[in-house]
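2 protein chains.
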Amino acid sequence: MQAPYLLFLGDVEEFSAAKTAAGVNQWRRERVLAQHRLPGCTVDLGIAEMTPAEAARAGARTMIVGVVNVGGFIPEHWVATMVDALEQGLDLAAGMHQRLNDIPAIAEARDRTGRAVLDLRQPDRGFLPGSGRKRSGKRLLTVGTDCAVGKKYTALALEAGLRARGVDADFRATGQTGIMISGRGVAIDSVIADFISGAAEWLSPDAAPDHWDVIEGQGSLFHPAYAGVTLGLIHGSQPDALVVCHEPVRTHLLGFDYGVPDLRRCIDMNVAAAQLTNPEARVVGISVNTSRMEPAAIDAAIRDIEAQTGLPCSDPIRHGVDRILDVLLN
Amino acid sequence: MQAPYLLFLGDVEEFSAAKTAAGVNQWRRERVLAQHRLPGCTVDLGIAEMTPAEAARAGARTMIVGVVNVGGFIPEHWVATMVDALEQGLDLAAGMHQRLNDIPAIAEARDRTGRAVLDLRQPDRGFLPGSGRKRSGKRLLTVGTDCAVGKKYTALALEAGLRARGVDADFRATGQTGIMISGRGVAIDSVIADFISGAAEWLSPDAAPDHWDVIEGQGSLFHPAYAGVTLGLIHGSQPDALVVCHEPVRTHLLGFDYGVPDLRRCIDMNVAAAQLTNPEARVVGISVNTSRMEPAAIDAAIRDIEAQTGLPCSDPIRHGVDRILDVLLN
Chain A
1 MQAPYLLFLG DVEEFSAAKT AAGVNQWRRE RVLAQHRLPG CTVDLGIAEM
51 TPAEAARAGA RTMIVGVVNV GGFIPEHWVA TMVDALEQGL DLAAGMHQRL
101 NDIPAIAEAR DRTGRAVLDL RQPDRGFLPG SGRKRSGKRL LTVGTDCAVG
151 KKYTALALEA GLRARGVDAD FRATGQTGIM ISGRGVAIDS VIADFISGAA
201 EWLSPDAAPD HWDVIEGQGS LFHPAYAGVT LGLIHGSQPD ALVVCHEPVR
251 THLLGFDYGV PDLRRCIDMN VAAAQLTNPE ARVVGISVNT SRMEPAAIDA
301 AIRDIEAQTG LPCSDPIRHG VDRILDVLLN
Chain B
1 MQAPYLLFLG DVEEFSAAKT AAGVNQWRRE RVLAQHRLPG CTVDLGIAEM
51 TPAEAARAGA RTMIVGVVNV GGFIPEHWVA TMVDALEQGL DLAAGMHQRL
101 NDIPAIAEAR DRTGRAVLDL RQPDRGFLPG SGRKRSGKRL LTVGTDCAVG
151 KKYTALALEA GLRARGVDAD FRATGQTGIM ISGRGVAIDS VIADFISGAA
201 EWLSPDAAPD HWDVIEGQGS LFHPAYAGVT LGLIHGSQPD ALVVCHEPVR
251 THLLGFDYGV PDLRRCIDMN VAAAQLTNPE ARVVGISVNT SRMEPAAIDA
301 AIRDIEAQTG LPCSDPIRHG VDRILDVLLN
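From first to last, the protein sequence lines stand for chains A and B.
For the first sequence, UniProt numbering gives the first residue as 1, with consecutive numbering after it.
For the second sequence, UniProt numbering gives the first residue as 1, with consecutive numbering after it.
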């Protein structure tokens, strides 16, 4: 994806629906030029507002469809804007389940303008089954007690923290928002089931001995729909270090009638799974998502989790990740 | 797939490469008419030998490509025989990774003759993510310490044994050979990763309270390449009962530099995984693959495993599955 970006928000009405655009804007602000919203959109990233034509004149190269919805489809009334972006000379990128390239009006405009239309959720290459072969370099994987608990955010914060300490580190994206932020990666939930761990192996290849790949986790080993993806990602990542992400006030898995697993049990299961391909795997910290907690309750919750686990706990947004990095690098 | 079948063996030289044809012939002999072998083929199923033309005259309806190879591709020198089968009026079915329908000469003959060309490994429908919703009826899943250890064979033997006792039971296929044997199912390793457990839910829908679905397992929770598929299949199957399949003389996973897991640990991990979606899940027996053991060593090995696990152990081929069924039905 060529920067600078125009972030398309459609007409979404909830901030969570714009999480892809928000993630790109938060973590790659230097590549973002402006946002473009349709009438009815009530989400605002607080950046410049431009139409595709204005953005193209200002130097934008790619319009990113920065929204998600249930089912991952492109509403029909968004298509004209996407065609307009191509006609203005912008490339177009999205991470929906529905492929932009399968929409006739967009495919026609793509062929007519010669612009690139990138469906980032669909792997653009095949994979092999995992080999289990030990690779050089070091790897950290974020795992969690549920989906949408902070695994991507934590991995990005750890990448930034490592680089700030002069450690060579790369964020490795495994979901569409992560791919848009880093510009590469593989949507691990979209590969063929046989190749989950093989795709994860491909994602973090052999590297220098002191290099850290910080791999974005997906799902949870305790999730009735997605645990298979999580387990294959763990085995293929063969992590030296795990950071467990957790939201203390969440009692049930998002959208499911299943309880959030006990944190201690979650740690043990993830370590057991990771030790299959890396006997040295260990948990180096707990990333605590306190975004929905009363400020007064946060310190006690953090202390409780530290006492329960014996590991450094922090909310990357409130506290940074320095204490986790201290354990990781020692 | 319409019977009777002509089983195409190509020019394979090892029995293991003909396992799909052998499985169909063993478990659905009443639907098999003959085999067809190319020059150089040294495998013989011990049944009638016919060309596609002879088979068509004798009433065959489908030629099944009954061989597997590394990579799952169709060798070019097999294509003429496949085209000939279509021209003789036979349908064509295969379970390779490479699609018959993607081979130009076969697609052309398909269109010209109007015959059906079935790529059984590719799901012919989409799936949803797993819901975790508890379904009616009862389910048994075979799991194992490795791939190719007897999970399909055990499930078929259990289906046959249940039916012999007057219990309503259905074998549910999760791999291409199983699909060819039962005529339906889903190649669970070929669905999109996000939908593994959803496909497994689809495979064994709500059923009568006393009905047993006997689900063919895949891979192993301890396999560095395929454990994700195994875990998603466990969660989506939500089995009431598990039978663990094991080969005592195997020390390493087939083709991998990983040890076979300890049987006790394998039992515990599978039960822990299954209890996420079915808290009643339990192991009801061990299926022991003794095909490569000295006859004199078998009894002692079985006794050892029974003492170690407290569960009935039997090789379905040598001993049948009655003792396992006694535990299952009580």
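In short, the hints are calculated from the structure, not lab data.
Here the structure is a predicted model, which means the values were calculated and not measured.
Accuracy of the hints is not assured; some may be wrong.
To be clear about the criterion: a stretch of chain B counts as covered by chain A if any three or more of its residues have a C-beta under 8 Å from a C-beta of chain A, and this derived list gives those stretches [to be verified]: (1) 122 to 132; (2) 154 to 161; (3) 222 to 231; (4) 309 to 320.
To give an idea of the interface, some chain A residues facing chain B are shown, with a C-beta separation under 7 Å as derived from the structure [as the list claims (entries may be wrong)]: (5) P39; (6) G40; (7) V43; (8) V83; (9) G132; (10) S190; (11) P224; (12) A225; (13) H235; (14) T251; (15) L254; (16) G255; (17) F256; (18) G259; (19) P279; (20) E280.
Don't be surprised by glycine CBs; every beta carbon is placed ideally from N, CA and C.
Against the structure, the hints:
Three residues within the 8 Å Cβ limit are the bar, and the stretch 122 to 132 of chain B against chain A gives 4, so the coverage statement holds. Coverage of the stretch 154 to 161 of chain B by chain A is violated in this model, with 0 residues showing a Cβ closer than 8 Å to a Cβ of that chain against a need of three. Residues of the stretch 222 to 231 of chain B lying with their CB closer than 8 Å to a CB of chain A number 9, which satisfies the three-residue condition for coverage. With 0 residues having a beta carbon nearer than 8 Å to a beta carbon of chain A, the stretch 309 to 320 of chain B misses the requirement of three or more and the stated coverage is violated.
Below 7 Å, beta-carbon pairs count as interface contacts, and A/P39 has none with chain B, the closest being about 32 Å; its hint is therefore violated. The interface hint given for A/G40 is broken, as the beta carbon of that residue sits about 29 Å from the closest beta carbon of chain B, more than 7 Å. For the restraint placing A/V43 at the interface with chain B, the shortest Cβ-Cβ distance is roughly 26 Å, beyond the 7 Å limit, so the hint is violated. The closest approach between the C-beta of A/V83 and any C-beta of chain B is roughly 27 Å, which is over the 7 Å cut-off, so the hint fails.
The closest approach between the C-beta of A/G132 and any C-beta of chain B is roughly 3 Å, which is under the 7 Å cut-off, so the hint is satisfied. For the restraint placing A/S190 at the interface with chain B, the shortest Cβ-Cβ distance is roughly 6 Å, inside the 7 Å limit, so the hint holds. Interface hint status for A/P224: upheld, as the beta-carbon distance to the closest one in chain B is roughly 3 Å, under 7 Å. A least Cβ separation of about 4 Å between A/A225 and chain B falls short of the 7 Å threshold, and the interface hint therefore holds.
Against a cut-off of 7 Å between C-beta atoms, the interface hint on A/H235 holds, since the closest Cβ of chain B lies about 5 Å away. At its closest, the beta carbon of A/T251 sits 16 Å from a beta carbon of chain B; the interface hint therefore is violated under the 7 Å criterion. For A/L254, the shortest C-beta to C-beta distance to chain B is roughly 12 Å, which exceeds 7 Å, and the interface hint is violated. The closest approach between the C-beta of A/G255 and any C-beta of chain B is roughly 10 Å, which is over the 7 Å cut-off, so the hint fails.
Look at A/F256: its Cβ gets to within about 6 Å of chain B, closer than 7 Å, so that hint holds up. The closest approach between the C-beta of A/G259 and any C-beta of chain B is roughly 10 Å, which is over the 7 Å cut-off, so the hint fails. At about 11 Å, the closest approach between the beta carbon of A/P279 and any beta carbon in chain B exceeds 7 Å, and the interface hint on this residue is violated. Hint status for A/E280: violated, given a least beta-carbon distance of 15 Å to chain B, over 7 Å.
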